[in-house]
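Peer 1: From first to last, the protein sequence lines are chains R and D.
Be aware that the first sequence starts at 0, since it is given in numbering that gives the first Met the number 0, and climbs by one per residue.
Be aware that the second sequence starts at 0, since it is given in numbering that gives the first Met the number 0, and climbs by one per residue.
Keep in mind that the hints are not guaranteed to be accurate.
Stated by the list, open to error - A short, non-exhaustive set of chain D residues, derived as facing chain R with CB atoms under 7 Å:
hint	residue
1	Lys2
2	Phe32
3	Ile35
4	Tyr36
5	Thr37
6	Gln44
7	Val51
8	Leu130
9	Pro131
10	Glu132
11	Lys133
Calculated from the structure, these hints are not laboratory results.
Every value quoted in this text rests on a predicted model; they were computed, and no experiment measured them.
Note that beta-carbon positions come from the ideal geometry of N, C-alpha and C, so glycine has one too.
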Amino acid sequence: MKVEELVEGLLSGNRRALARAITYVENEYPESKEIMKRIFTNTGKAHIVGLTGFPGVGKSTLVSKLTEEFRKRGKKVGIIAIDPGSPFTGGALLGDRLRLDGMDSRKPLWTDPGVFFRSMSSRGRAGGLAAKTGDVVRLLDAFGFDIILVETVGAGQSEVDIIEVADTSVVVMMPETGDEIQVNKAGILEIGDIYVVNKADLGGAEKVERWLRYMLSLDEESVQMLSQMTHADEARVASGEFFERRKGWCPPVIKTVADKGEGIAELADAIERHFKYMEETGLIEKRRKERVKRELFEIVMNDVIKLVKEKTNYRDVIAKLARNEIDPYTAADMIVEEVLKNAKER
Amino acid sequence: MEKKIRVLVAKVGLDGHDRGAKVLARFLRDSGFEVIYTGLHRTPQEVAMAAVDEDVDVVGISLHSGAHLALVPKVINYIREYGGNPDEMLILVGGVIPTDDIVELKKMGVDEVFIPGTPISEIVEFIKTKLPEKRKKNES
Numbered sequence: 000m001k002v003e004e005l006v007e008g009l010l011s012g013n014r015r016a017l018a019r020a021i022t023y024v025e026n027e028y029p030e031s032k033e034i035m036k037r038i039f040t041n042t043g044k045a046h047i048v049g050l051t052g053f054p055g056v057g058k059s060t061l062v063s064k065l066t067e068e069f070r071k072r073g074k075k076v077g078i079i080a081i082d083p084g085s086p087f088t089g090g091a092l093l094g095d096r097l098r099l100d101g102m103d104s105r106k107p108l109w110t111d112p113g114v115f116f117r118s119m120s121s122r123g124r125a126g127g128l129a130a131k132t133g134d135v136v137r138l139l140d141a142f143g144f145d146i147i148l149v150e151t152v153g154a155g156q157s158e159v160d161i162i163e164v165a166d167t168s169v170v171v172m173m174p175e176t177g178d179e180i181q182v183n184k185a186g187i188l189e190i191g192d193i194y195v196v197n198k199a200d201l202g203g204a205e206k207v208e209r210w211l212r213y214m215l216s217l218d219e220e221s222v223q224m225l226s227q228m229t230h231a232d233e234a235r236v237a238s239g240e241f242f243e244r245r246k247g248w249c250p251p252v253i254k255t256v257a258d259k260g261e262g263i264a265e266l267a268d269a270i271e272r273h274f275k276y277m278e279e280t281g282l283i284e285k286r287r288k289e290r291v292k293r294e295l296f297e298i299v300m301n302d303v304i305k306l307v308k309e310k311t312n313y314r315d316v317i318a319k320l321a322r323n324e325i326d327p328y329t330a331a332d333m334i335v336e337e338v339l340k341n342a343k344e345r
Numbered sequence: 000m001e002k003k004i005r006v007l008v009a010k011v012g013l014d015g016h017d018r019g020a021k022v023l024a025r026f027l028r029d030s031g032f033e034v035i036y037t038g039l040h041r042t043p044q045e046v047a048m049a050a051v052d053e054d055v056d057v058v059g060i061s062l063h064s065g066a067h068l069a070l071v072p073k074v075i076n077y078i079r080e081y082g083g084n085p086d087e088m089l090i091l092v093g094g095v096i097p098t099d100d101i102v103e104l105k106k107m108g109v110d111e112v113f114i115p116g117t118p119i120s121e122i123v124e125f126i127k128t129k130l131p132e133k134r135k136k137n138e139s
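Please build the complete structure, drawing on both the sequences and the hints.
Peer 2: See below:
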């Protein structure tokens with residue numbers, strides 16, 4: 000398909016064109032830059048929701064039940080589900096789509112025109128996302144989905160790239176994945192706008208919920224209070240009583256049993272509430288500005304490196320560097336100077 | 000970068016035998032393909048729409064129910080209906096298929112049928128050689 004055909008098709012609601020455009024972008028075909036240029040002004044309308052958490056906590060099942068819930072609320076839902084690609088063979092088993100089943104078997108999600116599901120391989124990239132996730136989100140956005148759910152690779156403790164793509168980040172946990180200290184570690188448990196304790200019908204869900212609430216309620220003020228408190232007061236902190244008085248957004252902790260559909264409506268409510276909060280406070284603009292800044296710098300960086308390769312004798316500099324004749328900082332200064340000089344001459 | 004070959008491994012209809020499909024999915028993964036597994040009991044419409052949305056290069060349909068002559072052409076027709084082009088994909092069928100039916104299936108647009116006992120490496124080889132061939136033929 001030609002670029003015009005793809006872009007026109009995508010913007011007029013042709014799924015085939017959308018599917019093909021994603022393939023172009025994911026594989027970084029030469030046409031992909033032109034596609035992104037042409038659709039960009041049609042983006043920025045969707046609410047992008049990221050779901051992350053350890054492997055097997057139920058992210059895919061939550062995604063499918065959330066999709067059903069948002070469909071009931073009249074929203075069109077696009078889904079990107081990422082699974083790991085092998086660092087050895089480059090292959091991948093993308094097994095998120097098979098969970099796509101709602102509670103109501105009379106309304107299958109697979110053939111619902113208001114649902115689009117795309118599986119992606121991380122292709123060996125760390126961080127929990129595929130390299131082109133951001134651009135694929137934009138394609139779904141331009142197509143006209145109201146909500147875009149991005150499911151990360153089953154994440155470890157430090158895979159937090161989802162916050163660079165999502166407006167709202169949902170961190171999914173389950174019972175028996177560690178103790179109170181685990182919950183207070185840096186990384187994935189810091190990034191949630193909403194926390195979910197899935198599989199809440201297993202024993203120990205209340206404990207995780209309590210730890211999470213406690214963790215979230217520890218700010219300067221509450222720590223100050225805690226230091227002067229009795230055990231009875233500490234229990235009140237743990238209950239979330241003080242936490243809820245806090246200014247700004249208090250990440251809610253929601254218990255779900257995804258395969259039975261329990262807690263899904265509450266989770267969808269929280270996601271919608273968070274979006275509204277971000278719109279009212281201007282946080283959405285702030286987050287999106289951060290995101291485009293990062294993307295812009297990345298593009299500029301790539302262009303600069305290209306310029307260095309075209310306009311300088313960088314190979315000579317590298318050779319000197321390898322012989323330890325100069326240091327890397329001097330080398331960088333030399334390159335920058337040469338680029339600035341030669342770039343003007345073209 | 001060379002484009003990764005995407006394969007949909009699909010179970011269609013009322014057939015609960017998925018060991019073969021799962022083993023195949025795993026082996027294709029190890030052979031460098033990106034494999035999307037559908038899970039059990041999918042309808043032809045569901046498989047077809049997944050093939051289009053996921054923009055796969057190969058659709059592998061696994062059947063042990065005996066309903067292959069009814070279900071496989073439906074998958075192919077729905078792919079076309081949803082805007083996909085079966086002529087630029089490989090359509091493969093695996094399962095317990097009688098010899099006469101293999102001929103029928105190929106007339107319906109199936110590129111190859113693999114019966115129990117086929118070494119999986121043969122399937123991998125088939126995909127790697129036949130996919131570019133079919134694409135070339137379709138373009139000309």
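Peer 1: Confirm or reject each hint.
Peer 2: Here is what the structure says about each hint:
A distance limit of 7 Å between C-beta atoms decides the matter here; for Lys2/D the minimum to chain R is near 5 Å, and the interface restraint holds. Using the Cβ-Cβ criterion of 7 Å, the hint placing Phe32/D at the interface with chain R is satisfied: the shortest such distance is roughly 5 Å. Contact between Ile35/D and chain R, as hinted, is supported at the beta carbon level, the nearest pair being about 5 Å apart and thus within 7 Å. For Tyr36/D, the interface hint holds, since its Cβ comes within 7 Å of a Cβ in chain R; the closest pair sits about 6 Å apart.
The restraint placing Thr37/D at the interface with chain R holds, with a minimum CB-CB distance near 6 Å, inside the 7 Å limit. Checking Gln44/D against chain R: minimum C-beta separation of about 5 Å stays under 7 Å; hint holds. For Val51/D, the interface hint holds, since its Cβ comes within 7 Å of a Cβ in chain R; the closest pair sits about 6 Å apart. Checking Leu130/D against chain R by beta carbon gives a least distance of about 15 Å; that is not within 7 Å, so the hint is violated.
Interface hint status for Pro131/D: violated, as the beta-carbon distance to the closest one in chain R is roughly 16 Å, over 7 Å. Against a cut-off of 7 Å between C-beta atoms, the interface hint on Glu132/D is violated, since the closest Cβ of chain R lies about 20 Å away. The interface hint given for Lys133/D is broken, as the beta carbon of that residue sits about 17 Å from the closest beta carbon of chain R, more than 7 Å.
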